[in-house]
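Required output: the full structure, derived from the provided sequences and hints.
Each protein sequence line maps, in turn, to chains A and B. Note that the first sequence covers residues -7 to 416 in this note's numbering. Note that the second sequence covers residues 948 to 1279 in this note's numbering.
Worth flagging that the hints you see were computed from the coordinates, not collected in a lab. Do not take every clue at face value.
Calculated cross-link-like contacts (lysine-lysine; reagent style DSS-like; alpha-carbon spacing at most 25 angstroms) [as the list claims (entries may be wrong)]:
no., chain 1, residue 1, chain 2, residue 2
1, A, LYS206, A, LYS293
2, B, LYS1270, A, LYS248
3, B, LYS1119, A, LYS70
4, A, LYS171, B, LYS1119
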Amino acid sequence: MKGWRGLAAGAAALAVAVSGCGTSTNSGSTTETKEITVWLMDGSAPTTLTDALNKEFESANGIKVKYEVQKWTGIQEKLTTALASSTPPDVIELGNTQIAGFADQGTLADLTADASQFNSGEWLGGLKDSLTLNGKQFGVPFYAANRTVIYRTDLFQAAGITTPPTSRAEWIDAINKLKAANASNPDFQALYLPGQSWYFLLSLIWDEGGDIAKQDNGKWTSTLDSAQSKAGFEAYKALYDASAAKKAPADTDEAKPQQYEVFQTGNVGMMIGLPWELGSAVKDKPELKDKTAAFPIPSKKAGTTAPVFLGGSNLAIPTASKNAAAAKKWLALLSSKKYQDMLAEGGAVPGTSKDTSKLETNAVGKALAASAPNGKVTPSSPKWGAVEAGQNPLKDALTAYLSGAKPLDQATKDASDAITKALG
Amino acid sequence: MTAVKTTETAAPAGDIPPALPPAVTGGARKRRRRGGAFDRALPYLLLAPALIAILWLIGWPVVSVFVTSFRQLNLGELVRGEIVWTGFDNYVTVLQDERFWDVSVRTLVFTVSVVVASVGMGLGIALLMRVLTPWVRVALQIAMLCAWAMPILASTTVYQWMFDQNYGILNKTLVQLGFDSFAGYSWFSSGTSTLSVVGLLIVWQAIPFLAFSLYAGLVGIPRDLYEAAGIDGATGWQTFRAVTWPEIRSLLMMVTFLSTLWDFKVFAQIWVFREGGPSGESTTLPVLQYLEGIAKSHFGVAAAISVLMMVILGLITFQYLRKLLQTEEGKI
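What follows is the structure, encoded as structure tokens:
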């Protein structure tokens, strides 16, 4: 469809032209200078890292780096448009649940043969799974982060909780103690847990031995209606019911409203969040800095941590990129220990280095590093992206079960059917 | 174009000025007649660029959607620029999906309710404006202009806050009034309830345009007709039936037609509220199309849904279109 592609190319050209206005101040000449375009996502790599990396790359190779930061909102559409154009970016960052869908459609370059350049021996397992399709690697792990329980140390102390809980029973115990100690505040929530925090639900399902789906002969079937998965739902409900007298809404997720905004009101004892969420809360309310810490999501088995959903990103090279060789060099440089350490320093679990010592300098970092190796990802089916981008059956099931609209068996069966259908 | 044809077609034009001297030379005649053909073509030539631009801008996307609906066009085909024809496969997929029928019925019910409510209330306010004292009317008009000028997403966000489960002003007010069961009540727990709130928002957004348009129509009705009706002792309802109604009927039909088109394809408000949830219960056809086209990157299937939407719209506005064409012909 020429019109479609023309329009898409036009839109992409416009986007490049507009964003070029903001970034082209340092590139004076447009003659023969070869350059690569790199799209990273908002908030993924600290600017100290990207500045140093791009500078080193430019002086070593004489190739300029056109570095652009993209917003997560609407990125699926933007990537679709960019990849359909004849001059896509040379390096793109893809959410680890998005990458299989793009790879399956042949839009990403196969990097299997080059993996050793990118330090493949030290790749983070969960991310490696997410970028592997039919045994081939279509990207390089970038960074990961997982949810930990972020808590208020002062409130814990006041409630007489001396050590962070290490099992689910202890956790519920701590919730009850917090509630009792703050009974005078009608808005107090010991644990802020909105009804659709589905990444946390995955932790509980995996902890109980269940899973979202299993693959047989290349065909995915959802296992959400298994007894183990149902136990995960029940654990969620137990925590949700215990969380507060005035509970968070059953029909919203952790981003609506942003849970860190609720956390920073001071009426919340704990939230299950990502490091950046604590960072945002502390930025708005600096006094929280010394009153917050984190512990890994406890398992039902005492002393171990629950498996966590490994959120994160991979880097990939579009098939249509004309500068793939230079892009690979850039990726190789980023995969080196120096820059991986900088990623860890920035508070993320690095994708191509197993050394997390730089991360473990504070409580949140320690909690992250402790649970990341136990990280899992959603089914690496090319069709999974559609489950998340559209109407997520896991969220619907949670809301229906928690609000009492459907009994557990019905809610999990409906979600299971919907996911089997979506992946089939 | 041959010279003979030019002469033939140009002949009537040449006949118009009867006082033309018959003894002009052949060459001069020819030149003049050619000029005549050019003159007659000139308006069309001048119109052509605009016409082509409009056709390209409006006509091409329609053709494109229609053509796409017969193709398998997923992300891969789009990126590789492949053309895969699949005949009616996309339509079969859509029509065999039970969900499509549920969603179609829901969309129709939603559209009809919203159109009836907004046109009815718009007409009511327009009639009210006629009898208001000037400064009250101006205040009302300013209020409506503000409502109208508010960006869709801004007003949608305000409605979300108003209906919020824990912090919404509506639930708090209801609790204050003694309806304790509304503490923490979720207005978005079912599709019907969600669509009712969305419908309320859309009616609120639509009323200003409808009220202003209909008021403009009402102002155009001569006052003496009402005086005459008053002298004849007509009641308010009789006056409305006999004087107002015939004058604004065609205008009312037009705004109803426009409202139907607009409300049928509402997407932003529904998506922003609950993304067509809970459990897909507030999904309408435009939302379904978005889920297929953007979320799943099945552009061919989404195009088929678009074509089916056009067919449904054509069916429900068929009567109006027929009348519109008839009256146009009658006038000509």
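Against the structure, the hints come out as follows:
{"no.": "1", "hint": "A:LYS206 with A:LYS293", "verdict": "holds, 24 angstroms"}
{"no.": "2", "hint": "B:LYS1270 with A:LYS248", "verdict": "violated, 48 angstroms"}
{"no.": "3", "hint": "B:LYS1119 with A:LYS70", "verdict": "violated, 41 angstroms"}
{"no.": "4", "hint": "A:LYS171 with B:LYS1119", "verdict": "holds, 24 angstroms"}
When held up to the earlier numbered hints, the structure conflicts with 2, 3 and fits the remainder.
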